[in-house]
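Sequences are here, hints too, so could you generate the full structure?
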Amino acid sequence: MTNEKRATENAEWYHSTASQRNSSFVIRQSSLVILWLFATPLAAQDHVVLQTEGSTSRVTMPCQIVDYTGERITVLFKSGVPPKSYPAEQVIEVRTAWLESHEQGRKLLADRKVDEALRALQEALLSEKRAWVHREILTLLIRASLRNGDRASAGTRFLQLLESDPTTRQFGLIPLVWAAESVSGAARSQAHEWLKRELDAARLLGASLLLDDATNGDSAAQELQVLQRSTDDRVRSLAQAQSWRLKLRALEVGDLELNRWETRIHDMPASLRGGPSYLLGRGRTMRREHDRAATALLWTSLMDDGDARLAARAGVEAAQSLKRLGQPDDARRLLQEIARRFPDTEFGEAAK
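Going by the working numbering, the first residue of the sequence shown is number 1, and it counts up by one from there.
Keep in mind that the hints were calculated from the coordinates and are not lab data. Just so it is clear, the structure is predicted and the values come from calculations on it, not from any experiment. Cβ coordinates follow ideal geometry from the N, Cα and C atoms, glycine included. Be careful, since some hints might not be right.
[Said to hold, decoys possible] Computed spacing ranges between beta-carbons, pair by pair:
1) Gln-225 x Glu-337: 34 to 40 Å
2) His-47 x Glu-349: 39 to 45 Å
3) Asp-255 x Ala-179: 19 to 25 Å
4) Arg-333 x Met-286: 44 to 50 Å
5) Glu-103 x Glu-181: 41 to 47 Å
6) Pro-343 x Glu-71: 33 to 39 Å
7) Lys-247 x Glu-181: 34 to 40 Å
8) His-266 x Arg-340: 47 to 53 Å
9) Val-91 x Glu-163: 18 to 24 Å
10) Ser-55 x Glu-257: 40 to 46 Å
Have a look at this one:
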């Protein structure tokens, strides 16, 4: 049977069964079939799993991933066919061949062997040629640096990621300070440099790191005020939330204020809520609203572990709220979970 005849029969079979499907979905599906049938296969193939809008079914597409950003994934189905793009929110999964050092770094990080993971991932970063995979490695490096408490490196890697993809899906990993902590000299020095940058996200990082600094805190607070008018919605929302640290420090948190915070948090993308929810939990704790404090703190601990140290801290503080509510068994179970997930952090140790 010739390729042309086989292609014709396949197309006829496809259209004979398509009447049971939504017509717009059929058009999208048939276009993929035509691409697969009439072009030359690629030598090496990735796979992208999509769930298109309005459909409950998923499509697995053999392809070559050309790029993958926060807005779209661009793929090449066959040589000689123009690349095609799909909205990033339709992507369920991507499968590709990862470098051995990339895979090793991912596994080491999952096993909390952070220093070894950093070495493997840095090797992968130097060897990887695909820009979109390069960004995936940067994401892992940010997580590893945060786990080590290295905000200077985490911030540098984050800005590299943002420069490569301004629409990055990983903006929530921006390494801002949300709880009282000692900022290293290297991080303070880097923060001063970030404050000089034109990029709003860089200045947000710098202001966050210096907000509690005895010498530079006032200028950092002023920068946060400026950034609350940023044209970047993500920066604007997080700059507003960072300013809540000042209100908590000054004990200026009434019930109406906290309700406003809660509304603003709900308006944020879920990926940005971790730090702001922690501050809301702290505010509720100050007002002895322990049930609502536990709810906010648990969100940070259970739903956002990009900053493992903050997640562990929020979990321990949520357990304290549960104890104050007369729920010692729930508090104990939560502490056990925190100790299991974050044994390499200060608060994970405290939970044991």
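Going through the hints against the structure:
1. A hinted range of 34 to 40 Å holds for the C-beta pair Gln-225 and Glu-337, which are about 39 Å apart.
2. One distance hint, 39 to 45 Å for the beta-carbon pair His-47 and Glu-349, holds here, with the actual separation near 41 Å.
3. In this structure, Asp-255 and Ala-179 meet the distance hint of 19 to 25 Å, their C-beta atoms being roughly 22 Å apart.
4. Between Arg-333 and Met-286 the C-beta distance comes to about 25 Å, which lies outside the given range of 44 to 50 Å.
5. For the pair Glu-103 and Glu-181, the beta carbons lie near 32 Å from each other, so the given range of 41 to 47 Å is not met.
6. As the Cβ distance of Pro-343 to Glu-71 is approximately 37 Å, the hint placing it in 33 to 39 Å holds.
7. The hint said 34 to 40 Å for the Cβ distance between Lys-247 and Glu-181, and at roughly 18 Å that hint is violated.
8. In this structure, His-266 and Arg-340 break the distance hint of 47 to 53 Å, their C-beta atoms being roughly 30 Å apart.
9. Look at Val-91 against Glu-163: about 22 Å separates their beta carbons, and that is inside 18 to 24 Å.
10. Checked against the hint of 40 to 46 Å, the C-beta distance between Ser-55 and Glu-257 comes to roughly 44 Å, which is consistent with it.
When held up to the earlier numbered hints, the structure conflicts with 4, 5, 7 and 8 and fits the remainder.
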